[in-house]
Amino acid sequence: MSNHVPPVNSAPWKPFRTRLDFEVAEFCELAMLNTEMTETLITLIRRCGANIKNFTLVNHAEVGKLWDLASHKCTEFVEDTITVPYKGEPRSFKTYTRPIWDWVLSLVQDPRLASCFVWDAEKVFKYTGDTYVRFYHEPWTANAFWAAQVRDFKFDLPLCLISQSPCRITQLQACLLILYADKSKLSTFGTEKGYAVVARIANIIVPIRNSTQFGGGQIVGHQPVVKEDTKENNKPAFSNFKNVVWHAAFWKLLESIAHHSKVGSWTMCGDDVLRWLWPMILILASDYEEACVMALIRGLQALYPCPICFVPWNEQSDISAEHPKRTGQDSKAKLEAARACKTAADREAILKENSLRDVENVFWRIGNTDPHAACSFDRLHAYGGLWTDHLFAQIKLRVIEKGRNAVAKIDKQMSLMPRWRGLNHFDAVMNITFNDGSKNEDIAKMMLFAAQNVLVDLPGTQLLQCTRSFLELNMYVSLEVPTSETIAAGRRELLIFDEVTNSWNFPKMHSHQHVFEDIENKGATRNFGTKISESMHGPLRETYHRLTNFKNVTPQLVKHDHRRAVGLLIREQLNVLDAPDDPDCPEDAEILSNISIGSKLRPVSFSVIEEKTYGDASFTRFRIRFANFLSDFLPAYGYNLPDGKRIQFDKEDTLAPFQFLKVYYHHLGNWTSSADYLRCNPNFHGQPRYDAALVKTADGHIFVQLLFMFSCTVENKSHPFALVLPLDTRAPGKRDRIKDAEFISAHSIIRGVLLATDHDNVGEFLIVDIADSDISSDSRSLTHKVSKCSEEMSNRVVLT
Numbered sequence: 001m002s003n004h005v006p007p008v009n010s011a012p013w014k015p016f017r018t019r020l021d022f023e024v025a026e027f028c029e030l031a032m033l034n035t036e037m038t039e040t041l042i043t044l045i046r047r048c049g050a051n052i053k054n055f056t057l058v059n060h061a062e063v064g065k066l067w068d069l070a071s072h073k074c075t076e077f078v079e080d081t082i083t084v085p086y087k088g089e090p091r092s093f094k095t096y097t098r099p100i101w102d103w104v105l106s107l108v109q110d111p112r113l114a115s116c117f118v119w120d121a122e123k124v125f126k127y128t129g130d131t132y133v134r135f136y137h138e139p140w141t142a143n144a145f146w147a148a149q150v151r152d153f154k155f156d157l158p159l160c161l162i163s164q165s166p167c168r169i170t171q172l173q174a175c176l177l178i179l180y181a182d183k184s185k186l187s188t189f190g191t192e193k194g195y196a197v198v199a200r201i202a203n204i205i206v207p208i209r210n211s212t213q214f215g216g217g218q219i220v221g222h223q224p225v226v227k228e229d230t231k232e233n234n235k236p237a238f239s240n241f242k243n244v245v246w247h248a249a250f251w252k253l254l255e256s257i258a259h260h261s262k263v264g265s266w267t268m269c270g271d272d273v274l275r276w277l278w279p280m281i282l283i284l285a286s287d288y289e290e291a292c293v294m295a296l297i298r299g300l301q302a303l304y305p306c307p308i309c310f311v312p313w314n315e316q317s318d319i320s321a322e323h324p325k326r327t328g329q330d331s332k333a334k335l336e337a338a339r340a341c342k343t344a345a346d347r348e349a350i351l352k353e354n355s356l357r358d359v360e361n362v363f364w365r366i367g368n369t370d371p372h373a374a375c376s377f378d379r380l381h382a383y384g385g386l387w388t389d390h391l392f393a394q395i396k397l398r399v400i401e402k403g404r405n406a407v408a409k410i411d412k413q414m415s416l417m418p419r420w421r422g423l424n425h426f427d428a429v430m431n432i433t434f435n436d437g438s439k440n441e442d443i444a445k446m447m448l449f450a451a452q453n454v455l456v457d458l459p460g461t462q463l464l465q466c467t468r469s470f471l472e473l474n475m476y477v478s479l480e481v482p483t484s485e486t487i488a489a490g491r492r493e494l495l496i497f498d499e500v501t502n503s504w505n506f507p508k509m510h511s512h513q514h515v516f517e518d519i520e521n522k523g524a525t526r527n528f529g530t531k532i533s534e535s536m537h538g539p540l541r542e543t544y545h546r547l548t549n550f551k552n553v554t555p556q557l558v559k560h561d562h563r564r565a566v567g568l569l570i571r572e573q574l575n576v577l578d579a580p581d582d583p584d585c586p587e588d589a590e591i592l593s594n595i596s597i598g599s600k601l602r603p604v605s606f607s608v609i610e611e612k613t614y615g616d617a618s619f620t621r622f623r624i625r626f627a628n629f630l631s632d633f634l635p636a637y638g639y640n641l642p643d644g645k646r647i648q649f650d651k652e653d654t655l656a657p658f659q660f661l662k663v664y665y666h667h668l669g670n671w672t673s674s675a676d677y678l679r680c681n682p683n684f685h686g687q688p689r690y691d692a693a694l695v696k697t698a699d700g701h702i703f704v705q706l707l708f709m710f711s712c713t714v715e716n717k718s719h720p721f722a723l724v725l726p727l728d729t730r731a732p733g734k735r736d737r738i739k740d741a742e743f744i745s746a747h748s749i750i751r752g753v754l755l756a757t758d759h760d761n762v763g764e765f766l767i768v769d770i771a772d773s774d775i776s777s778d779s780r781s782l783t784h785k786v787s788k789c790s791e792e793m794s795n796r797v798v799l800t
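According to the UniProt record's numbering, the stretch in the sequence shown is residues 1 to 800, in order.
Worth flagging that the hints you see were computed from the coordinates, not collected in a lab.
Every residue gets a Cβ at the ideal spot worked out from N, C-alpha and C, and that includes glycine.
Some hints here could point you the wrong way.
Stated by the list, open to error - Computed beta-carbon distance windows for the label pairs:
1. Arg134 x Glu39: 46 to 54 Å
2. Lys185 x Asn683: 40 to 48 Å
3. Arg404 x Phe22: 49 to 57 Å
4. Cys309 x Phe27: 55 to 63 Å
Hey, can you work out the whole structure from these sequences and the hints?
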């Protein structure tokens, strides 16, 4: 046995420069920190090194104590116990809620949010030259807010408040709440569940309200989860018991606003105005199953399975028919009448006839609140369910029936769809399922173009027609600034959708009957959908897996959720504190009017350009053609020609190519400033990418494909240009790229356009006019430039 002692490596951390460098890098890897978190950690370490006196934390226990000391900064959770009898035995459940009125006041009274509140209902119109068009975008521009504002409440202002208050005093103001609740799986196999309740204030502007930042959505409660019992499941008594538990627990959340919802509450708001606030519940956002619990109807198998109206169970497929509306007052009266019956059979007959449960609804105890009117159309599950469970399932079935080649063709053509900002890209979809609603929505948009040359028989084209109507309807429903005109158009499209789907008899289909009425009453669907609140389940799942011991989980979720809320508030205050020191726009960002350019390349001479593009007809006589174009362009836009002479370039004169163009435009779907990112790159992430665009010309708007983007400096002023190929309906064989390729100013680009290849017709492309609501509106206004193909349900253009 050898006694040889191996030499000790005195610097085993190399190639890391120091041991500390390695240990920090090791920690980042073990903790699985992403790029952002790693950068944050390194920044904090450097700040500690620069001033170690500012870092005083000693250990984990001290960190926890400091979080506890800071907990009062936000409305804290309160633990309560509710007891509900079942079969004569009391069963107790713990609830955790932030008293909702305390939470409301923490936002209403904060001066930083004062400018984000809107207290008065508005009716907003635009005059089109012929008529006035009304907008329904925010809750306060819709009918329900208006109705709440003009209610005939009788109240008197105490004289002591008038004489003693130095602030301004206003009249009654509705403080409208949006509540969301849903169970979610925390553990991988779903054995552990969470039941979060999220609240938002409808009076706050949408960029704040629909966010998770300070003033946005916040978890205000954790409902108890009644464990399933195989002996009791599906029994009416056990179903009623679970509903009683839900409403008893929800009362703990709402109890603090019950009195104020009936008499109001004088509140000094963050803008130093004393308002008489009346809290009301405007919106209950939920999926269908949760809506049944909120409205206390019997659900899918009931005679009348809709929580909003009395549609018979066998007539849900007919979304053109109107049915009487449910009301909270009527449901309460029916329950009282049932409970007044002397026999259980008579009681059950009344309840069954109205599809109600023998449970008192917690929302009846809140003034000016109707749970049936508050229940809202859920775009996420209605469209996600219709697409994944029905339309996509039928498309898959038809394609599979055509054989493996058809399946492979769909996947290949889906993978060849061009990439576009805001749209997910898929290499295959036929044998993959997604739980992500955004991914399923994007598959629906792309499938129409990937399958148009596969589903060519009558059943296939009918499916594609149904898909097209589905996408059109989704576009109208998802508009962020709906108007009386788009609502009317959406209702017309709904009748078309009804005709092609008249055999789908289930609640998600029927719910479309209420969507446009909901928009008129509550504003755009983004105000009352579940998508924004469902995303808040993610942090809870992450907390469960990384920060709990998997025992008695809810109190641990509550603790860490509150710490996040406190941290968010402190961070927001720090951002305000640091705001004056924030740097301005980066120096290298070159913004030019409606565009900004990036991915700049080194200047290149005309001789090099013509050498590298030899054989490409679009670049034939590039130098001479561009000189002629520029000689006409400059005077037309008020620039003098150098020395008053037409421009002539030398072969060694240079241009400055760039491969990225950001185009700013006014979005017709949401009436805000938006931007498209356009690429003109022979090797963008390993693939050539030459985007298309909508361009303004003297003769109107046209679609073009970008071939080459560059800047040219004349008289010390840089001008951005592009060589483009116009798209029209001429046959591919008749195109002349030398004549058709032309130069444009990059400023003439209105926005980008997504094109899909028509694989059975070489050189032809389809405009993906359903990529977003803005390009859909644009393509409808360009009927003289492109023709809508009813058989293929897309806009055809030609490109060679």
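Here is how each hint holds up against the structure:
no., hint, result
1, Arg134 x Glu39: 46 to 54 Å, "holds (47 Å)"
2, Lys185 x Asn683: 40 to 48 Å, "holds (42 Å)"
3, Arg404 x Phe22: 49 to 57 Å, "holds (52 Å)"
4, Cys309 x Phe27: 55 to 63 Å, "holds (58 Å)"
Hint violations for this structure: none, all hints satisfied.
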